[in-house]
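Colleague: With the first letter of the sequence shown counted as 1, position 186 gets the number 186 in UniProt numbering; the numbers rise by one all the way through.
Hints in this document: simulated from the structure, not taken from any laboratory.
Everything numeric in this text was worked out from a predicted model, so none of it was measured.
Be a bit skeptical, because a hint or two may be false.
The calculated PhoX-like cross-link candidates involving lysine-lysine, where the alpha carbons are at most 20 Å apart (straight line), are [to be verified]:
#: 1; residue 1: K22; residue 2: K106
#: 2; residue 1: K270; residue 2: K362
#: 3; residue 1: K268; residue 2: K106
#: 4; residue 1: K268; residue 2: K101
#: 5; residue 1: K270; residue 2: K106
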Amino acid sequence: MAAHPERGRIYRRCGCRDANGKQFGARCPSLSGATRHGSWAYAFDVPSADGRRRQRCRSGFPTRKAARGALEHSLECERTGLDRDDDLTVADYLTGWLRTKEEVLKPTTFARYRDHVHNDLVPAFGRLRLSDLRERHITAWNEAELARGRGRTSVYRAGATLSSALNTAVRTRRLADNPARYAVMPRPAAPERICWTPSQAAAFLRHNRDTYGDQLADAFEVLLGTGLRRGELLGLHWPEVHLAERLLLVRWNLTAVDNNHLHLGHPKTKASRNWVSLSPRVVAALERRAAAARAALPEGAPLEGLVFCQPDGAPLRPQQLLTLLRRRSAEVGLPRIGVHDLRHTAASIMISSEVPLAVVSKTLRHSTLSTTVNIYGHLLPHAARDAVTALCRALDDASPQSIGPDGGTSDLPEGA
Numbered sequence: 001m002a003a004h005p006e007r008g009r010i011y012r013r014c015g016c017r018d019a020n021g022k023q024f025g026a027r028c029p030s031l032s033g034a035t036r037h038g039s040w041a042y043a044f045d046v047p048s049a050d051g052r053r054r055q056r057c058r059s060g061f062p063t064r065k066a067a068r069g070a071l072e073h074s075l076e077c078e079r080t081g082l083d084r085d086d087d088l089t090v091a092d093y094l095t096g097w098l099r100t101k102e103e104v105l106k107p108t109t110f111a112r113y114r115d116h117v118h119n120d121l122v123p124a125f126g127r128l129r130l131s132d133l134r135e136r137h138i139t140a141w142n143e144a145e146l147a148r149g150r151g152r153t154s155v156y157r158a159g160a161t162l163s164s165a166l167n168t169a170v171r172t173r174r175l176a177d178n179p180a181r182y183a184v185m186p187r188p189a190a191p192e193r194i195c196w197t198p199s200q201a202a203a204f205l206r207h208n209r210d211t212y213g214d215q216l217a218d219a220f221e222v223l224l225g226t227g228l229r230r231g232e233l234l235g236l237h238w239p240e241v242h243l244a245e246r247l248l249l250v251r252w253n254l255t256a257v258d259n260n261h262l263h264l265g266h267p268k269t270k271a272s273r274n275w276v277s278l279s280p281r282v283v284a285a286l287e288r289r290a291a292a293a294r295a296a297l298p299e300g301a302p303l304e305g306l307v308f309c310q311p312d313g314a315p316l317r318p319q320q321l322l323t324l325l326r327r328r329s330a331e332v333g334l335p336r337i338g339v340h341d342l343r344h345t346a347a348s349i350m351i352s353s354e355v356p357l358a359v360v361s362k363t364l365r366h367s368t369l370s371t372t373v374n375i376y377g378h379l380l381p382h383a384a385r386d387a388v389t390a391l392c393r394a395l396d397d398a399s400p401q402s403i404g405p406d407g408g409t410s411d412l413p414e415g416a
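Based on the sequences and whatever the hints tell you, model everything.
Modeller: Rendered as structure tokens:
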């Protein structure tokens, strides 16, 4: 047995038992001499809050050198404050991390994390010890996934989930650094947003109104007339609609988790939970919905429940809105877009109509003006032209001034 009072000790032990069934441990007679009996282990003292002696031990190493290396690493972890568990696998860590996220994440976000953990990360890295996970493992997985034809965005998102989990491991001192930090692929460029022109949007609304005249026609009118998100529209309740004041309050967001289970929750940001002004067109659409809803109620009963819903009052499914958008826009030969692109269309129409960007940002309920600039800044050529035109006009309109001999300006006529 090698004794190192300040640095721990290394010794051999086995699982043999005496006549009473008690393990010999390091006292087994067969361990004496240069036999291969047993395995190598280490132990070292760690501080305890009550002052009592407390040891950390680990065994099962095939050689003294392996035990020594593990001891040195454990001592370094103890010195730096790392809370390392040499037996913790990536699979065990990720499933434990996932449990901590279930109550704090939106259901759709949690479902995405869960799918990444169980379908991608655990099969790829689960058997590795957390302390053995390296950048090269993650890089090799990225390359393998791309080689088999998986999309870059999908690979990036799974890697980003892993990086988020490992950041937590660093914060909780389970790891000294995050091996995914430089191994995760760069974020792929966002696809170019497709927006309808004002004439295309108007043609779509006219087709819905003239051909169908149903609640979906009014729903599309509200989406394009306010820039609401799909989930905000589908989660809109009558108590939040104030037609006399031409306002509605966004309080709810309806989402489909795993494309199946409907979840009604709050919007993800404080800025999203806000008032939205209504145009006369949108007010008219909502008044049509209110009249249809009142017709199905006893006289004098208040309007309650969802604004856009199934005949029995159940929520519309988000996929249903997309399906009808695609079908009806194809009927009039319009470019194929998604429901969220109606929000982008509303923004682009406001910007092309020279609505100030701060007002657009407020209407869309972005958290910051910079968010609006980052998303829609490319739609602002008129703003740049107006800025340089204003600068030119200011210079042209300035009174002529001459520079005096002392470097200052003079209002005296030249030659005076």
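Colleague: Under the criterion that the straight-line Cα-Cα distance not exceed 20 Å, is the pair K270, K362 satisfied?
Modeller: 13 Å, holds
Colleague: Would you check the hint for K270 and K106, treating anything up to 20 Å between C-alpha atoms as holding?
Modeller: 14 Å, holds
Colleague: With the threshold set at 20 Å, check whether the alpha-carbon distance from K268 to K106 stays at or below it.
Modeller: 8 Å, holds
Colleague: Would you check the hint for K268 and K101, treating anything up to 20 Å between C-alpha atoms as holding?
Modeller: It holds: about 15 Å lies between the C-alpha atoms, which stays within 20 Å.
Colleague: Is K22 close enough to K106, meaning Cα to Cα at most 20 Å?
Modeller: Violated, because 53 Å separates the two Cα atoms, which is more than 20 Å.
Violated hint: 1 only; the structure is consistent with all others.
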